[in-house]
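Dock the two chains into a complex; use the hints.
Chains as they are written, first to last, in the numbering used here: chain B, 839 to 1183; chain S, 65 to 404.
Some hints here could point you the wrong way.
[As the list claims (entries may be wrong)] Here are a few chain B residues that face chain S, going by a calculated C-beta distance under 7 Å: (1) P852; (2) S853; (3) S854; (4) A857; (5) L861; (6) L864; (7) A916; (8) L930; (9) A932; (10) H967; (11) A1016; (12) R1017; (13) V1020; (14) R1025; (15) E1178.
Source of the hints: derived by calculation from the structure; they are not laboratory data.
Idealized CB from N, CA, C, for every residue including glycine.
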Amino acid sequence: MGEPLRHSSLIVHPSSFTAFLALVGLAFRRQWRVRGVGWVGLALLGLTAGVVALVTAGPAGWGLEGQRVRRTGVTYRAYAAQLTPEGRYAALTAPPEELPPRPVHPLETPSPLDPTREGLRSLLLSVPHAVLSSDRFRADWAFLNFTRWVVIGAYLGFVLPLFTLAYASGALGTEREARTLVWLLTRPIPRWAVYLGTLLGTLPWCLVFAGGGFAGVCLAGGGPGREALRVFWPAALAGAVAFAAIFHLVGAVFRRPVVVGLVYVFFFEYLVAALPGSLKLLSVTFYARSLMYNEALAAGFPADRLDLSQPVSAATAWAVLAVVTAAATGLGMWLFTRAEYRDDV
Amino acid sequence: MGIPITTGAPTRVDPARHKDSPLITGHCSRNTRLLFEHVSKWYGSVLALNQVTLELTGGITGLVGANGAGKSTLLRLATGQLRPTLGRVTVRGTDARDWRARRLVGYSPDLDAFYEDLSGREFVRVMARLCGYDRTEATRRADAALDRVGMTGRADRRLGGYSKGMRQRVKLAQALLHDPELLVLDEPLSGIDPVGRQELLVLFRELAAGGQCLLVSSHELEALEKLTNHVVVMARGRVAAVGTLQQIRDRLDSFPLSVRVEVDRPREAARRLLALPEVVAVEVDADGAGLVVKAHHPRRFFAAFGRLAVEGGWEVRRLEPLDDSAHAILGYLLGGSGRT
Chain B
839 MGEPLRHSSL
849 IVHPSSFTAF
859 LALVGLAFRR
869 QWRVRGVGWV
879 GLALLGLTAG
889 VVALVTAGPA
899 GWGLEGQRVR
909 RTGVTYRAYA
919 AQLTPEGRYA
929 ALTAPPEELP
939 PRPVHPLETP
949 SPLDPTREGL
959 RSLLLSVPHA
969 VLSSDRFRAD
979 WAFLNFTRWV
989 VIGAYLGFVL
999 PLFTLAYASG
1009 ALGTEREART
1019 LVWLLTRPIP
1029 RWAVYLGTLL
1039 GTLPWCLVFA
1049 GGGFAGVCLA
1059 GGGPGREALR
1069 VFWPAALAGA
1079 VAFAAIFHLV
1089 GAVFRRPVVV
1099 GLVYVFFFEY
1109 LVAALPGSLK
1119 LLSVTFYARS
1129 LMYNEALAAG
1139 FPADRLDLSQ
1149 PVSAATAWAV
1159 LAVVTAAATG
1169 LGMWLFTRAE
1179 YRDDV
Chain S
65 MGIPITTGAP
75 TRVDPARHKD
85 SPLITGHCSR
95 NTRLLFEHVS
105 KWYGSVLALN
115 QVTLELTGGI
125 TGLVGANGAG
135 KSTLLRLATG
145 QLRPTLGRVT
155 VRGTDARDWR
165 ARRLVGYSPD
175 LDAFYEDLSG
185 REFVRVMARL
195 CGYDRTEATR
205 RADAALDRVG
215 MTGRADRRLG
225 GYSKGMRQRV
235 KLAQALLHDP
245 ELLVLDEPLS
255 GIDPVGRQEL
265 LVLFRELAAG
275 GQCLLVSSHE
285 LEALEKLTNH
295 VVVMARGRVA
305 AVGTLQQIRD
315 RLDSFPLSVR
325 VEVDRPREAA
335 RRLLALPEVV
345 AVEVDADGAG
355 LVVKAHHPRR
365 FFAAFGRLAV
375 EGGWEVRRLE
385 PLDDSAHAIL
395 GYLLGGSGRT
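Isolated chain S, as found in the complex (with noise of 0.2 Å):
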């Protein structure tokens, strides 16, 4: 059961158009570029992704959640690259898994698998031959994506001997080379170094600002926040949380949260943590063994609650939201890896 950030309706994001606005849900416009309607992948028995329902129409949309929360999935789905086994995927009304929908899209995959024995610039010639341009577009758009990306000067190497920030943008490019509409960019800032990512954060935003959709995955939100205030937060399959930070952070306090608490004096720490003006209700388990907190404002009951168990010197032996989403909505707030 997911935090109430979320509706079943499709969930608009459009930064460009609504930057100082809460967060819009309502049904598929003209603008629409990418919609998951109630999506849902099984792979054989595992569910990957359930019941994602998700419209984005413009600007730079961050996609964050843990490893196994379903991004790659969700991007996957995007491109075409899989069926969803419920729900429909669209890409400007296209369906994603249609090869027209692919001219829309241009994707950066967080593989780093490539031809090795081609230079850089001979790769990414050949991914805008594969898109249909003649040789001499394609190696005139080669060019200027490689420019784009700031490896000009270093495109004649061979793939084998570049760095991983270079293959990096090197994927980058091939994604830009057709001018898609929707940029689909898995962990691309992955491997890149502080000047580089500077340089590829300002080169998304112009991409942005030129009219194109970007959907930026990504397990770091440190690095996402310097790019877009919209995320899609995905825990264990599904879409934990949609909006700018400030929304999840305001709806996370005003929401309150089980969370799970054994420690060697239940009885103790249950009459002190009532005392403490976030929490609304304790429930001490009949055995005695541990205790239910159900609190608001989560980043001042952790803190209030270390507090209390240093000065308590009680032993912690667990302290656990029972929400899954709102599990790792709270790693990724409190500067976590997506755990808590």
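Isolated chain B, as found in the complex (with noise of 0.2 Å):
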């Protein structure tokens, strides 16, 4: 066996600075596996593209003309045609198979011997078609459509807090559970700088996942996703990082961070966030959409057809997100350094 240590010709001191960058250099070597739960958001964001790429693809796409009127069969493109004067007036001559698929409402129905009615008839029935006919309505409704169902629905809703719990839930819980917490909690490192450095390990992943997920899904989407990706990610990436604190304080604190997560996430972040009322302010969800719909009204677009409660203004949104994202690391931080680990007991 060799000698002892201490004979070593040359003393080097140690850093405690030196320490944590490793332990963040290690926190993030451990989190490169996609895990359990990673795995399922990767199916989600899979299912999610492929859903947004067909629909993209479709005849449809995400604009309003190329989608059906309910209960008629036509399309909205179709409709507004045939309620124009040459659509309402060629209505009149065509054979009964010609005719809109449609019950026809008495109003649209031409009355030439009343030149002033049939004026103003006609004039407010152009509107529709009108209005389809504006670029800029076509593609602010194919964006907001867009926004409302992926972006706000399935990203914000679903899949970025799925890949920020599979990382940041697992930088403290997987230690936990494999029992390995001992030798990060018996180095010469503050408690907090452990549950700090952790935290900053795994959140590059969680920053990768998340907006590489978001840009994934928006570029699935053609041009309106583009255009939400262009407005939108930072938005995303400051849940992103919101989310990673709360998932990695659910880490720290719960035996089963992945389950309390999902609880947390599902019938919290969703629902509550979902809800009219003052109890969405408690959501970080709520904050993420009231920064997208100030984005959007900021770039121009009528933000307020995303239907979202009493958004709040953007300065709010970031400092709330913030405040979120400090306390939530500086009650960890507490807690970590208070606790008592016997997972192997």
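Structure, rendered in structure tokens:
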């Protein structure tokens, strides 16, 4: 067996900062494998991106004009064309089999003997066609439609929380499950620094997967998706950081962090954030949605059509997300410093 | 109630300095490496450690006790993993929970969990980096530590494929990385083959000779006896005895031990037991179901009791010391596993 270590000719004093950086590096390397819930997230992302790509490639796409009016079987573009004077007069002389496959309202029937009334009626009924002829309207509608269903509904509601849950809760949770936390707790590193270091080590993975997933879903959405990626990426990343801080805390506190995290995502973030009233102010998703709302508004989109109930201002949303991140991290550091882990018992 | 081997004052254990002296008790000194001051630890409603006072100043101290006696709790308190419910644990005067204290402590846990995808060398190097050494120094220290525990030639295989003995050596190597003043080793000889065990015993003695203080837990007194004559015996959360094995045995001999005996003929047993020179008193239960014997020199008493029981053809239903601490100590000193 070898000589005592202290007989070294060169004494090098250890540095706490070096230890902290080494811990961040170790936490980063330990996270490279996709975990069980990460596979679920990837599958959900693949499913979402696949559905988005199908819708994008379909005849209707994300725009309004190609979609069918409920209970009529005709598209909005065709319906609007049928309401113009040409369409209405053509229907008068058309054979029955060429009539619109929908119930025709009596007001649509031309009344040439009453020119004033007919003029006003033609003017009013031409509005849908005029609106659908507007490139700006069509682009806005497609963008908001994509945002409502894909960005807010699917990505912010499920994919983003699942990805961050997979990685952030695993930073300490996996160490606890594998009973290897003792190696970190018996190093000469303050407990709070162990907590912070593991969070910093896992954060890049959260951002890469959350950001990459967001880009993937958006790029599958064609033009509206690319626009959503350009407008919403800061909100998506801010949401990822806030969720990472929360799920890291969950990983430090609970013995089964994934279960607790899933319950939190589905029964709190998803449902509560969609509720009217003040309860939604407690959910992180609400502030990420508010941020998106304000970003869409700033980009010139009529974001009020997103049906977001009482969104807060961009400054408030940024501040709350930052405070949530800092508070969850600070609380985690405090709890972790006081915690006693006996997971091997 | 423990046998009067320990006192309420800090119990100083310095085998290196006091090889031939009796047990020393006194207050915290300049040489104190590890100090437990009236430490109790509760896990919810379970009392895991009860008013433990202990001072380590150097050398090798063995910590023995049955499973659940409180050994691991004591070691976790010493390494700052747990916070005492009552009392104080310090390493060189620094609270054991303080991260700076961990610069002074090397810990080899009983836990057999590693980053299995790393090689032994990578693992020890990572631990060195987490001690705050730069890459070059971490590599140098990792190589030196692995060399000390005899793992140089086998350190590049993945930990997942290591035998129990090799894993024990890697755990020991990571504990040695930063030249700690205090080495806390939880069952370090478990799973080691006889040759490897001998090598590690030599290493422990070298470390102690080099000035490091070792606290070595084991449930095998035989292994510890080869390493040190100074032991702390734990029983049901208390330090039941501290000192050299001889001191403990001597004091145990002079302490009248109460033993509960239940046999089919208690009155005959009481009469014959009273004739033994070790027995000072016998009390027969009012209902005649059993008796309580007070005896000195327990080893001689138990030997004589066995002889009488065979000669008299007694059906012995129960033979149990009534003192918890003595119960555990006897288990060890008589060669058992901590239970009599």
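Does the closest beta carbon of chain S sit nearer than 7 Å to the beta carbon of S853(B)?
holds (5 Å)
Chain S contact restraint on L861(B) - CB to CB distance below 7 Å:
Because about 6 Å separates L861(B) from the closest Cβ in chain S, which is inside the 7 Å limit, the hint holds.
Checking hints one by one. Is E1178(B) an interface residue toward chain S, by the C-beta closer than 7 Å rule?
holds (5 Å)
Checking hints one by one. Is A932(B) an interface residue toward chain S, by the C-beta closer than 7 Å rule?
violated (74 Å)
Interface hint compliance - A857(B) to chain S, C-beta minimum distance less than 7 Å:
A857(B) check passes; min Cβ-Cβ to chain S is 4 Å, inside 7 Å.
At a threshold of 7 Å, is the proposed contact between H967(B) and chain S supported by beta-carbon distances?
violated (65 Å)
Hey, does the L930(B) contact hint survive, CB to chain S under 7 Å?
Where the cut-off is 7 Å and the nearest Cβ of chain S is about 79 Å from L930(B), the hint is violated.
Have a go at the A1016(B) hint: is there a Cβ in chain S nearer than 7 Å to its own Cβ?
This hint holds: A1016(B) lies near chain S, its Cβ roughly 6 Å from the closest one there, short of 7 Å.
With 7 Å as the cut and Cβ atoms as the points, is V1020(B) at the interface with chain S?
Nearest chain S Cβ about 5 Å off; hint holds.
Taking the closest Cβ pair, is S854(B) under 7 Å from chain S?
Cβ of S854(B) sits 6 Å from chain S, so the hint holds.
Supplied contact hint for A916(B), tested at 7 Å Cβ to chain S
Cβ of A916(B) sits 61 Å from chain S, so the hint is violated.
How about P852(B): closest beta carbon in chain S under 7 Å, or not?
holds (3 Å)
The structure is inconsistent with the numbered hints 7, 8, 9 and 10, although it conforms to all the rest.
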